[in-house]
Structure formats: C-alpha cells, structure tokens
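> Here are the chains, one letter per residue:
There are 4 protein chains.
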Amino acid sequence: MSDQNPVFIPGPTNIPDRLRHAMLVQTRDHRAPDFVETLAPVLEDTKRVFGTATGRVITFPASGTGGWEAAISNTLSPGDTVLVARYGMFSHRWIDMCERHGLDVQIIECEWGTGAPAARFEAALSADKARKIKAVLVTHNETATGVKSDIAAVRAAMDAASHPALLMVDCVSSLASMPFEMDAWGVDIAVAGSQKGFMLATGMVILGVSQKALDHMESAKLPRTFFDFRDMMNSNAKGGFPYTPPLQLIYGMRESLKMLFEEGLDNVYARHTRLAEGVRAATRAWGLDLVAQSPDLYSDTVSAIYVPKGFDSNALTDRAFTAYGLSFGIGLGQMNGRAFRIGHLGMLTDVMVLSGLAGIEMAMADLNYPIRLGSGVAAAQEHFRASRPAILKSAA
Amino acid sequence: MSDQNPVFIPGPTNIPDRLRHAMLVQTRDHRAPDFVETLAPVLEDTKRVFGTATGRVITFPASGTGGWEAAISNTLSPGDTVLVARYGMFSHRWIDMCERHGLDVQIIECEWGTGAPAARFEAALSADKARKIKAVLVTHNETATGVKSDIAAVRAAMDAASHPALLMVDCVSSLASMPFEMDAWGVDIAVAGSQKGFMLATGMVILGVSQKALDHMESAKLPRTFFDFRDMMNSNAKGGFPYTPPLQLIYGMRESLKMLFEEGLDNVYARHTRLAEGVRAATRAWGLDLVAQSPDLYSDTVSAIYVPKGFDSNALTDRAFTAYGLSFGIGLGQMNGRAFRIGHLGMLTDVMVLSGLAGIEMAMADLNYPIRLGSGVAAAQEHFRASRPAILKSAA
Amino acid sequence: MSDQNPVFIPGPTNIPDRLRHAMLVQTRDHRAPDFVETLAPVLEDTKRVFGTATGRVITFPASGTGGWEAAISNTLSPGDTVLVARYGMFSHRWIDMCERHGLDVQIIECEWGTGAPAARFEAALSADKARKIKAVLVTHNETATGVKSDIAAVRAAMDAASHPALLMVDCVSSLASMPFEMDAWGVDIAVAGSQKGFMLATGMVILGVSQKALDHMESAKLPRTFFDFRDMMNSNAKGGFPYTPPLQLIYGMRESLKMLFEEGLDNVYARHTRLAEGVRAATRAWGLDLVAQSPDLYSDTVSAIYVPKGFDSNALTDRAFTAYGLSFGIGLGQMNGRAFRIGHLGMLTDVMVLSGLAGIEMAMADLNYPIRLGSGVAAAQEHFRASRPAILKSAA
Amino acid sequence: MSDQNPVFIPGPTNIPDRLRHAMLVQTRDHRAPDFVETLAPVLEDTKRVFGTATGRVITFPASGTGGWEAAISNTLSPGDTVLVARYGMFSHRWIDMCERHGLDVQIIECEWGTGAPAARFEAALSADKARKIKAVLVTHNETATGVKSDIAAVRAAMDAASHPALLMVDCVSSLASMPFEMDAWGVDIAVAGSQKGFMLATGMVILGVSQKALDHMESAKLPRTFFDFRDMMNSNAKGGFPYTPPLQLIYGMRESLKMLFEEGLDNVYARHTRLAEGVRAATRAWGLDLVAQSPDLYSDTVSAIYVPKGFDSNALTDRAFTAYGLSFGIGLGQMNGRAFRIGHLGMLTDVMVLSGLAGIEMAMADLNYPIRLGSGVAAAQEHFRASRPAILKSAA
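Protein chains in written order, with full-length UniProt numbering: chain A, 1 to 396; chain B, 1 to 396; chain C, 1 to 396; chain D, 1 to 396.
These are computed hints drawn from the structure, not numbers from a lab.
This one's a predicted model, so the numbers in the text were calculated from it and none came from an experiment.
Please note that the accuracy of each hint is not assured.
Remember, identical chains collapse to one label, so a pair may be satisfied in a single copy or spanning two.
To be verified - In the DSS-like style, the derived pairs of lysine-lysine whose C-alpha atoms are separated by at most 30 Å in a straight line are:
(1) Lys129 with Lys309
(2) Lys309 with Lys238
(3) Lys238 with Lys47
(4) Lys132 with Lys238
(5) Lys221 with Lys309
(6) Lys309 with Lys132
(7) Lys132 with Lys212
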C-alpha cells in the first residue's frame with residue numbers, strides 16, 4: 001500500500017515519475033563523450049541551487065553521512081578543534097563522527113527545539129585567541145526537530161569575532177527546498193543529498209565547496225581516498241569520476257535541475273513554505289505543539305510535533321502505517337515517543353499534504369487523542385485556499 | 001500536477017506501479033512460444049472474474065465501444081429487434097450504435113437515476129409473442145449516473161416471460177470492482193475493458209461470451225472482420241491473434257489478474273464498497289444528493305452527485321482541476337452542469353479517497369457552496385475508521 | 001532471452017527506451033486541458049509523415065486490420081465494387097474483409113514476389129466504363145513477401161484511365177520507414193499502425209484521409225460506430241475521442257514524432273535503406289534468393305528470403321528461437337516452409353542487424369545449410385563500413 | 001545510439017529490464033516493516049554468492065573503491081604493514097589507497113598480464129618472522145588486464161607460511177560471474193559491487209566479511225564512520241541502515257539474487273565461460289594476443305587484447321564508439337594505447353557478444369588492421385554452436 005500513498009517521512013521524498021524515468025536509463029559508457037557532456041553542466045547548474053558563483057560542486061556516490069566525512073577529512077587533521085552546537089540528532093551524529101576521526105570537538109549544548117546559537121558561537125570564537133578552532137559545523141535544517149537555523153547569523157558571529165575558521169553546513173534536508181545562499185552566507189562547505197529536495201533516489205551526496213575550503217586540501221591530514229576532493233576534481237576535469245560513477249543518479253540530477261529551474265527556485269521555496277504553513281495550521285487546529293520553539297525556527301521541509309502528554313508517538317506512527325498505509329517520521333533521540341514528524345518536502349501538492357493530515361487524524365482518533373476529526377484538514381484547506389497561486393499549470 | 005494526484009474520474013483508473021511495469025515489457029514475438037504460453041492462462045483466468053465456468057473470454061484491442069459492436073455484430077442481423085432501457089449516457093450510446101447498425105431498437109425510456117426496469121422488461125418480453133426480440137441489452141453500472149442495475153432481476157424477468165432473447169450486459173465500469181455472476185445471472189455477453197477494474201491502460205476490450213451467444217455466430221449477418229469472434233477464437237486456439245495482439249496489455253492483464261486474486265475478489269469488492277460508502281458519507285455531510293435514486297442503486301465504483309440549485313457542476317470540476325490539479329468526472333448528457341462524478345474504482349486507498357474529498361471541498365468553498373470545509377472529509381474518516389479491515393498488509 | 005536480443009520480426013518493432021518511458025505515463029483525465037493540448041498537435045504532425053498537407057489524420061485504438069475496416073466502411077456501401085491485386089498475405093486478408101462486408105471484389109491475381117500491377121490496374125479501370133469500381137486497394141509494402149509497390153504508378157494508371165475510384169493504400173509496414181507521399185501520389189486513404197515505423201506498442205491504427213474520401217462518409221452505407229470517421233472527427237475537434245482514448249499511445253506518438261523529426265524523415269528512410277542493403281548483401285553472400293523478384297521491388301523494412309530447396313523455413317526460425325533466442329518472421333501463406341523473413345525496420349543499428357545475421361547463420365549451419373559461417377555477416381559489415389554516415393551522433 | 005547497442009565495457013554491465021524495473025520502485029519508508037523484511041534476506045542470500053556460510057555480508061551505498069576503504073579501515077591501524085602484488089590498475093589503486101591511509105605497503109611488482117604470485121607471497125610471508133604483515137591484498141580478477149588469479153593458491157601460500165595475516169580480495173569484476181569460494185579459500189574480506197555480476201546500477205558496494213576480520217574491528221585505529229562495520233551491523237540487526245539506505249538498489253539486489261538463483265550459479269558461471277571462450281576464439285582468429293599470459297589466467301568476464309604493433313588502441317575504441325555506437329574498455333595504465341578490452345559479463349547472450357565482435361571488426365577494418373571481416377565472428381559462432389546448451393529456456 002505504501003506504493004500508492006505518498007510518504008510523509010522527511011526524506012527520501014516521493015520521486016516524481018519524470019525523475020524515476022530519467023533514472024531508468026540503461027547502462028552507458030561512463031568514459032564516452034555522452035557522459036562527459038552530461039556531467040559538467042550538471043555540476044555547473046547545481047551551483048545555482050547552492051547559491052554560489054565562486055565555489056564548486058563535488059559529488060560522491062554515497063549518502064549525506066559520507067558528505068560530512070568528505071567535508072572534514074578534506075580540510076582537517078587529527079587533533080584539530082571544531083566548534084559545534086548540538087540541538088538534534090543530526091548535529092549529534094556529526095559530532096560523533098568528528099570525535100571518531102580524532103578531532104577535538106568543542107560542543108555547545110542547546111535545548112532541542114532551538115537552532116544554531118549565533119551569540120554563543122561568537123563568544124566561543126572570540127574566546128579562541130589561539131585560533132585553534134579550525135571549523136564551525138552547523139546543521140541548517142535539523143531534521144529531528146524541524147528547526148531551521150539562521151546561517152547568515154552564524155556567519156555574522158564569525159565575522160564579529162574575526163575568526164578564520166571554516167564554516168561547514170549540513171543542508172541535506174533543506175537544499176532545493178528552502179533558500180540557501182552559500183556565497184552570501186560565507187559557507188565553505190555545504191552538504192546536501194540526492195534524496196531530499198532533488199527528489200531522486202538515495203545514493204549521491206552533493207557538496208558545495210568554497211575556494212577557501214579547497215585551499216586546505218593539501219594540508220589536511222585525515223586519511224581519505226574514496227572521498228578525496230582532489231581525485232574527484234581531477235577526474236571531473238576530464239569528464240569522469242575516479243571510479244565508477246552513479247550514472248543513473250547523474251542523469252536523474254540533470255532532469256531534477258531542469259524541473260527545479262522550470263518551476264523557478266523561488267517558486268519551489270514558496271511552495272514549500274505554503275505547504276508547511278498548511279501543516280502548521282493543522283497542528284494548531286489539533287491543539288498540538290511543534291518542537292521548534294518559535295516561528296523563526298520553523299522548518300519548511302519537516303514539522304516535528306509533540307504528542308499530548310500521556311501518549312506515545314511511536315504508537316501513533318505505527319497506527320498510521322498499519323491501519324492506513326502511511327509513513328511519517330518517528331521521533332528521534334530524546335524525541336522518541338514524544339514527537340512525530342511530518343515530512344513536507346519534495347514534489348508534493350496540496351491534496352497530497354491533505355491526504356497525510358487526514359490519515360494521521362484518523363490514527364490519532366483511533367488512539368483517543370483529544371482532537372476532532374477533520375479539524376486539521378479544515379485548517380489546512382483554509383490556508384491552501386487562501387494562499388492558492390493565481391495560476392496553476394499542469395506538470396505535463 | 002495531474003501526475004502526482006490520483007484521478008477521480010470513473011476510469012481510466014490510476015494504474016498501480018506493478019501494472020505499469022508489467023506493461024513496460026519490450027516487444028516480443030507474438031508468434032513465439034512465450035506468447036502462446038501467456039495468452040491461454042490469461043483468457044482462462046479472466047473467466048473467474050466474469051463469474052463464468054461455461055462461457056469463454058474473447059478480447060480485442062479496442063475500447064468498450066468496440067466490445068458493444070462485437071457483441072451485436074457477432075450475434076445479430078440487420079432488422080433484428082433488440083430491447084433496451086435508456087437511463088443514462090452509456091445505455092443511450094449503445095442504443096445509438098444499434099440503430100446505426102440497422103437494428104430495430106425497442107426502447108424503454110427511464111428516468112436518469114433509476115436502473116434497469118425488470119418489470120417493464122418482463123412486460124415487453126411477454127408482449128413479444130412473435131419472439132422478434134433477439135437480445136436484451138443492459139448497462140450493469142451506468143457510469144453517467146452512478147447507478148448499478150440488478151442483472152439477476154432482469155434475468156428473472158426474461159425467465160418469467162420465457163423469452164429466448166440473448167442477455168447482453170455492459171459491465172465496463174463494474175467488472176473486477178463489483179460482483180458479477182455471468183453464469184448465475186444467465187448473461188450471454190458481458191462487455192468489460194482493461195482500463196477500469198483491471199487497472200490497466202485503455203486498449204483492450206474483454207468479453208465474456210456464453211455458448212448460447214456463440215451459437216448465433218454463423219447466422220449473424222451483421223458484417224464484421226476486426227471484431228469477428230470466429231477469427232479470434234480460431235487464432236486463440238493456436239495461441240495467437242488474427243492480427244497483431246496488444247502484447248503489453250496482455251502481459252499487464254496477466255499481472256492484473258495476479259493482483260486481483262492475491263487480494264481476493266471478495267476483498268476487492270468489499271474494498272470498493274467501503275470506499276464508496278466513505279464518499280457517500282461525505283456527500284450526506286455536504287447536504288448533497290446522489291443522482292442514484294435509492295440505496296439499492298448506488299454504484300460502488302462511481303458516485304454522481306447533484307450540485308445545489310443555482311450552481312454549475314462544470315464550474316466545480318474546472319475549479320478542482322485548475323486550482324488543485326484534481327480530475328473528477330463531469331456531468332454527462334442531461335446531467336451536464338447539474339451533477340459531477342467521483343470515480344472510486346481501481347486501486348485506491350482510504351487516504352487517496354480522502355485527498356479527493358478534501359480537494360473537491362476546497363473547490364466547493366471557492367465557489368461559495370453552502371458546505372463546511374472538512375465536513376465531508378470528517379464523515380468519510382469516521383466511516384473509514386469504523387470499517388477498517390482488522391489487518392492491513394503491505395503491498396510489497 | 002527474447003528481452004535481451006532485438007526481435008527481427010517485421011513488426012511490432014523493438015521499442016526504444018525513450019518511447020517505452022513515454023508510454024509509461026500515469027493515467028490522466030482525457031477530458032482535461034492537458035490532453036486536448038496533446039492530441040491536436042499529434043494529429044497535425046503526423047500529416048508530415050503521411051506526406052499530406054490537404055488530408056487529415058484519424059486514429060483509432062485498434063490494429064491495422066481495424067484501419068482497413070474503417071477505410072472501407074466509411075466510404076463504401078454493400079454491393080460496391082473494389083479492385084484489388086492479390087500478391088501476398090496482407091492483400092489477401094484485405095480482400096477477405098471486403099468480401100465479408102458484402103463488397104464485390106474484382107481481384108487481379110499476381111504471383112507472390114511481384115507488386116502492384118499498374119498496367120493491369122489501368123486495363124481493368126479502363127474497361128470499367130460504368131464506373132462500378134469505387135475503390136482501388138493496394139498494399140504498399142507486402143510484409144509477407146518483402147515487396148514494395150509503386151503507388152505513384154498505380155495513381156498514374158488510374159489517371160490514365162480517368163477513373164474516379166478512391167485509392168486506398170495499406171502502408172502499415174512502410175510508413176515512417178520508407179518514403180510515402182500521400183498528396184503527390186493521390187492516395188485517398190492510407191492505413192498505418194503504431195507498432196512499426198512509429199516504434200510504439202501495438203494498439204493504435206493511424207489513417208491519412210483525403211477530402212475526397214471524407215466526401216463519401218455520408219453516403220457510405222456500411223454500418224460502423226467504433227470506426228466511424230464522423231464521430232471521431234467531431235470529438236477530435238473538441239480535443240477528445242468519442243470513447244476512452246489510448247492515452248499512453250498518444251503520449252508515445254508525440255514522442256515518436258519528435259524522434260522522427262529530430263533524426264529527419266529523409267535520414268530515417270536512408271537508414272532503413274542502408275540496413276536493408278546490408279541484409280540483402282548477406283543474402284547474396286549466402287547464395288539465397290529474395291522472394292521479391294527484382295531490385296525495384298525490394299522492401300527496405302522486411303526481406304523475405306527463400307530457403308534452399310529441400311529445407312524447411314519453419315525449422316530454421318524455430319532453431320533460431322530455441323537455440324539462440326532470436327525471433328524472425330515465418331513464411332506466411334504459400335511461403336510457409338519456403339521462406340523466412342527478416343524484419344529490419346524501426347530503431348535498429350548496424351550492430352543490431354549484424355547480431356541477427358550472425359544468429360540466423362548459426363541456425364542455418366546447425367541445420368546444414370550450404371552456407372559459410374560469417375559470410376553473410378562479412379558482406380553486411382562491408383556494406384555498413386562503406387556506407388557509414390560521416391557523422392554519428394549519440395542518441396542521448 | 002548507446003542505448004540500443006549493448007555496452008562491452010567490463011562494467012557497469014547491461015541492466016536487464018527485470019532489474020531496471022525492480023529499481024524503479026517508488027520511495028518507501030526505510031524504517032517501516034516492509035524494508036526490514038526485505039533487507040535481511042537480501043544480506044543472507046548474498047552469502048551464497050560469496051560462497052560463505054560462516055561469514056557475513058555488509059553493504060554500503062558506495063562504489064568498489066569505498067569497499068576497499070571499508071576493508072582496510074575496519075581492520076587495520078596506521079603503520080600496519082600490508083602485502084600486495086601489483087599487476088594491473090586495480091591492484092595499483094588499492095596500493096595507493098593503503099599508502100594514503102598511512103599503511104606500510106610491501107609491494108611485489110609483477111608483470112602486467114600475470115596474476116597473484118603465490119610463491120612470492122609465500123616467500124614474503126615466510127620471511128616476515130615478526131608477523132608485521134597484517135593483511136594480504138589480492139585482486140581476484142584484474143579488470144585492466146583480463147587476468148584471473150588463483151586465490152586458493154594464495155591461501156595455500158599463507159598456510160604454508162603459517163601466517164596469520166588477513167586475506168582481502170577484490171572480486172568486484174568477478175563475483176556472481178565466476179566461481180568464488182570465500183570459506184573454502186579462507187578469504188577474510190571480499191569486496192564486490194552492484195554494477196557487475198549483479199547487473200544493477202552502480203551505487204552499492206557489497207562485502208563478504210569473515211569472523212576473523214570482524215575480530216579486528218575494535219582494535220583497528222584507522223578512522224571511519226560512513227564505512228564503519230559496527231554501525232552498519234548494529235543497524236542491520238534492527239532491520240535498517242545507520243543512514244539513508246539505497247532503497248532502489250536493495251530492491252534491485254533482491255531481484256538480482258532471484259535471477260541468479262533461478263538460472264543457478266553454476267549455470268551463470270558456465271555461461272560466462274562459454275561467452276568468454278567465444279571472444280577468445282575471435283581473438284585467435286584475428287591473430288591478436290590477449291594480455292593475460294596463459295590460459296589459466298584468462299578471465300571469463302573481461303578480455304584485454306593487444307592491438308598489433310604500430311596501432312593505437314585508443315583510436316580503435318574511439319572508432320567503434322563514433323562510427324558504430326559501441327563502447328569497449330580502453331587500455332588502462334601501461335596498457336593505454338596498447339590494448340583494448342571487451343567486457344563480457346552480466347546478462348549477455350550469444351548474439352549480443354557476436355554484435356560486439358562484428359562491430360569491433362568493422363572498426364579494425366576501418367583502421368586497416370590486418371584482419372579479415374567476419375573472421376572473428378565466424379570463430380565465435382563456431383564455438384557458440386558447438387557449446388550450445390542442450391535446452392534453452394525463455395526468460396519470460
């Protein structure tokens with residue numbers, strides 16, 4: 001049944017037919033001119049999505065976690081200090097990776113539901129007179145809590161402290177769905193993936209890398225081969241990969257970029273905001289609270305929602321799946337049992353979102369949540385009606 | 001956008017991925033053993049869906065209209081009398097075809113919203129002392145009005161009149177979605193199509209034919225070649241077609257039958273009833289009326305719903321399409337402007353149906369219908385919750 | 001195995017991925033604007049392939065046989081005389097259809113391996129002082145014998161006799177593969193199909209119809225509904241079909257036309273000639289004879305090849321299938337057992353053709369044919385090398 | 001054009017439709033029961049292909065190179081010594097990776113065209129009294145030279161030296177195409193990929209890991225997170241991945257295993273041998289030499305073939321691609337310009353192989369190679385005929 005209903009996990013997202021078909025491509029010779037002519041424009045066009053003119057795009061056949069590893073291992077050496085704020089599962093995991101790679105991780109502990117603490121970053125960086133901190137690591141969109149952080153504010157904090165550290169950003173669950181301005185925000189490495197805003201299958205991690213980050217490649221002592229920027233850039237320059245490329249995903253990426261540019265990136269972002277507002281309207285109608293603590297933190301790609309006291313969010317997501325064939329995100333880490341998540345990113349429509357809201361409402365009612373059937377749907381309907389784009393084109 | 005949202009027209013229906021992939025088959029030699037081994041079981045297994053052990057299944061690469069033409073041209077001769085009741089657009093079109101083929105059509109005019117009038121059939125047949133009537137033509141499920149007729153009652157009427165006419169039934173929009181009992185009901189020719197309950201692309205008309213009907217083949221004088229039962233049966237017996245077969249649809253049909261039998265025909269019918277009841281609950285919640293005049297006539301595959309006086313149903317379906325990317329059936333014939341239709345057949349889930357209800361509600365609200373947003377959805381949710389099957393399996 | 005090797009039957013042809021994916025389209029509402037905007041240009045663009053500016057294109061969800069039935073039933077009345085030359089299985093079948101529809105068929109019997117006998121047509125038409133002959137029926141490319149007829153010569157014969165009969169041409173296995181000039185040749189109805197030069201699945205018959213043919217619609221007395229030109233044209237004018245259209249095939253047709261026009265029709269024809277010449281070079285190298293009696297008759301889409309005396313062509317095609325997974329056309333009608341056929345139409349490459357030649361050579365050797373392994377392949381290779389287009393582009 | 005012709009690169013291989021369709025699966029929730037029930041049997045069944053009952057299978061979303069990195073980083077520490085023989089590009093690259101990861105690489109230089117030197121391994125291991133060598137790294141099938149090494153002999157050498165080092169084997173281009181016996185050969189880590197014998201898209205590296213190798217996980221000091229065995233095994237035990245899994249490839253893998261087991265692994269290997277023998281017969285007929293120096297070294301998945309003195313192998317592969325749309329493997333490393341490669345692994349048929357041979361022959365002739373057109377094809381045909389399996393079943 002899960003093939004018929006959309007998924008409402010915060011990625012991988014529902015793959016539009018157009019992209020499924022693009023990825024159906026039969027094996028071609030990745031050393032032949034076809035491929036060479038395909039790869040270069042894909043890398044170039046992806047820069048627009050990252051918001052960079054001066055950086056470059058590097059991709060590996062891996063998941064987002066591999067992208068984090070590429071980010072640190074190409075720029076840092078064992079013993080280097082990195083500054084990270086922990087406010088969710090994904091920032092937590094990145095910290096864990098840094099520790100395993102022998103980095104000295106200076107952690108700013110934050111309450112889950114909050115975002116990147118620019119002021120505390122500034123204080124920590126200002127205190128670092130010896131400039132031991134080599135990189136600041138930030139999760140743009142914390143998928144576990146549905147919190148979007150203000151990267152521009154982090155950059156401002158770094159600038160205020162006149163600190164030369166690299167700024168690395170995890171934008172796996174935000175890129176191509178929410179505005180991202182790598183150049184304007186002074187981001188040095190941004191890590192994204194094929195399976196979220198790009199609406200493709202999992203299997204390609206996509207990085208935006210600044211020249212400043214590239215300048216660290218030779219001095220970085222962390223060992224790497226599969227994720228080595230140098231090998232990849234050298235091969236890319238000749239039109240290839242240092243090993244077998246993920247051909248189907250690259251053709252998929254070409255088509256994904258076409259779709260994004262046809263719709264217009266600003267329209268893509270506006271659509272995500274609009275759908276997210278619908279979900280938030282439903283949440284209010286149910287009388288439930290978001291994990292994100294204030295409107296400026298609300299993510300437009302995923303909403304983490306507290307269940308009422310005395311209820312178990314895992315029972316809710318289980319019910320939705322077993323009774324109605326619907327997949328929602330479970331609560332991760334300290335949110336397990338306390339919150340569930342609705343993914344609303346990628347190629348969704350109003351009525352797809354409404355179907356998810358209608359389904360979770362039924363599951364809530366089955367479990368005797370104090371909500372009224374149809375109330376969340378009605379609130380979202382009201383929002384969708386009021387905010388409907390003037391002209392609606394078919395996606396032929 | 002229409003590729004992402006389900007369609008709610010009463011056919012062609014949403015094609016499950018499993019069947020789309022089955023129809024992706026590359027060209028094979030239709031004279032090779034592969035094909036021979038594929039076709040025979042498909043024809044045999046389809047008999048179960050028609051509810052016939054004694055009849056046979058004949059298929060042509062055409063639409064349902066072609067099946068009607070096959071039915072009459074293989075059994076009747078110019079000047080033959082047929083008895084038909086007109087209570088909707090599809091019964092009307094069949095009448096028109098008979099007239100064009102030089103048949104003498106004895107029409108029983110009925111109000112739209114009613115079904116096959118067994119008593120009036122009996123009267124007409126009893127009055128036909130000369131046995132001029134060669135066939136009684138009945139539309140099992142009138143797609144224009146959402147009315148299901150009682151074929152067993154028509155058969156009882158024919159038997160009561162001891163009339164030897166053939167009984168021909170259009171079950172295009174009912175077969176494989178609602179119970180059909182060709183043998184039990186004494187149906188001589190039943191006409192179905194690939195694009196409704198079989199969930200495939202349009203392009204194959206599928207007929208169940210009794211031995212009694214086959215006995216008329218040689219004497220029937222209406223000209224036909226493409227639709228000739230004899231050529232088809234002769235070729236089928238050797239494993240082929242008298243011309244190029246619709247290979248992709250036949251492979252699709254094989255997989256469709258597997259899906260139907262895996263779910264179980266009774267479960268398929270029960271699922272259609274349950275979803276239809278949800279739509280009817282929503283209709284009541286909106287304060288709207290079905291075109292079908294009484295519960296015994298309610299179709300489980302399509303609901304035709306009157307819009308309130310003063311409203312134009314075409315404006316409603318247009319709004320749903322242009323504003324929300326949703327396709328519903330327009331009002332046909334005398335219902336044009338007065339009623340819209342919700343198709344709820346084929347491979348649908350609860351939440352897919354809810355998405356359609358939520359969408360049409362928004363369109364109604366946009367046009368100032370006197371309905372409350374979320375009310376229809378809530379009524380359907382309530383029904384779906386109450387009637388949820390105990391165990392829900394994944395469709396892996 | 002047949003999914004991996006190309007088929008070498010004279011249609012349906014190997015479907016390029018690009019068209020298979022185009023036909024994967026999910027169900028859309030055929031009454032919605034999307035479809036309306038799709039259908040009209042498809043019909044219009046198809047005119048270029050027929051070589052007509054003044055005629056129109058009409059399509060039905062059926063096979064080529066249905067197209068023949070549409071051609072005669074929309075223009076003729078029972079008892080009308082038609083003039084046909086019989087020189088193969090397909091001309092034979094069309095004759096049979098005319099007879100079943102009550103037409104008076106004046107047959108010119110020709111030896112199989114010859115084409116349309118322009119001089120004998122002229123004689124027959126000149127002798128028809130009463131102008132009883134209403135139509136001349138010609139098979140452009142006789143798939144059973146691999147013979148291409150000269151339609152311009154038939155038109156010249158008709159003109160020489162100043163005869164007003166309609167000229168109907170079966171171009172099922174030639175259109176979109178070999179030049180066809182409906183206007184220049186004065187063809188009134190041309191019948192083609194989706195599954196040959198258009199490289200699609202079977203299921204759509206495509207007719208080019210002149211205004212002169214359309215002028216016969218009202219007076220034509222043969223009964224028809226499914227295949228009625230008037231209903232179809234009326235519905236097409238409003239953007240639809242009189243019944244459920246074969247949506248997937250129409251989207252496929254749109255993409256097929258794009259492919260044909262991208263390659264250029266002249267290039268498509270030249271490619272077919274070049275590949276056919278390769279097959280004929282192989283045939284000569286094997287010391288075998290074509291059924292087509294002279295080079296001017298050689299078809300560029302299918303070659304029918306006599307097996308040596310004492311050999312059974314069915315054993316050969318069986319061997320190729322069972323031993324090497326290759327499908328070739330069997331000998332039809334009086335050629336059964338005496339000739340086999342190699343289809344070389346649609347989207348084929350040099351090396352695909354060579355694979356077929358290599359395979360049939362192995363089967364011949366297995367059956368002790370007096371041929372040398374590799375000899376046919378080498379002759380075709382020599383031709384392909386010598387005639388290679390200067391520039392070869394990838395079909396990205 | 002490359003979509004129509006098979007590719008003859010030594011991987012990625014031509015993907016059968018059945019597997020392309022399996023990988024078309026829409027996004028599902030990788031934390032839902034569906035996925036859990038899918039992953040475990042896939043991992044378990046893959047053990048059969050590795051030939052291990054006691055080891056386990058670990059997979060990462062990456063290419064083969066990533067698998068090498070996983071192999072060393074989960075078992076070794078900086079400064080550890082590894083023993084490797086260099087006899088081709090892939091053994092060379094693995095050496096390079098080890099050096100970059102701070103390992104002390106003891107290299108046995110061998111002539112390209114030879115395989116793993118068991119005797120020299122034994123000498124080196126016997127000389128290592130201090131047991132500094134922690135691992136022996138061997139490339140089972142050197143894709144650059146078309147050389148298959150005798151892993152059992154390497155194991156025997158290790159045993160003869162009573163050396164406790166781990167035995168790591170790259171079987172990327174051999175597994176699922178040529179026999180591999182992990183348990184019998186005492187292999188500790190075997191590295192394979194999705195895109196060769198498994199006939200899938202690139203993107204999943206698949207490792208067979210012995211308990212002995214797993215025992216090194218905790219002590220191994222090379223940093224890793226993405227490729228950490230422990231995280232993966234812990235997550236797999238709960239039915240998931242430590243990050244987003246490559247869902248489409250896992251569903252593809254499930255179907256690939258079905259295909260392999262349906263054919264039977266022994267039949268799969270025999271088919272590869274038979275096709276490879278055909279290519280070698282053609283090579284002899286052309287008067288060319290294999291890079292592999294003796295028959296016991298011949299790979300059944302790829303043949304590297306020297307071009308005659310004075311010719312440039314790159315010109316040949318370019319010609320084949322630009323003139324005939326065929327992709328062959330170029331000469332890698334010291335073979336660049338001197339040899340080209342024919343990949344003959346994955347789902348190929350006799351006639352597909354013949355099409356490649358016919359194509360490269362044309363390219364050779366175009367470049368004035370001293371070969372006779374059709375000669376290689378004929379030699380392969382002769383072999384294929386003689387070795388044809390008694391019964392050939394369709395791959396319905």
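> If a hint holds in the structure, say so; if it does not, say that too.
Going through the hints against the structure:
| no. | hint | result |
| --- | --- | --- |
| 1 | Lys129 with Lys309 | neither (46 Å within a copy, 66 Å between copies) |
| 2 | Lys309 with Lys238 | between (58 Å within a copy, 28 Å between copies) |
| 3 | Lys238 with Lys47 | within (19 Å within a copy, 38 Å between copies) |
| 4 | Lys132 with Lys238 | neither (37 Å within a copy, 40 Å between copies) |
| 5 | Lys221 with Lys309 | neither (49 Å within a copy, 45 Å between copies) |
| 6 | Lys309 with Lys132 | neither (44 Å within a copy, 60 Å between copies) |
| 7 | Lys132 with Lys212 | within (17 Å within a copy, 41 Å between copies) |
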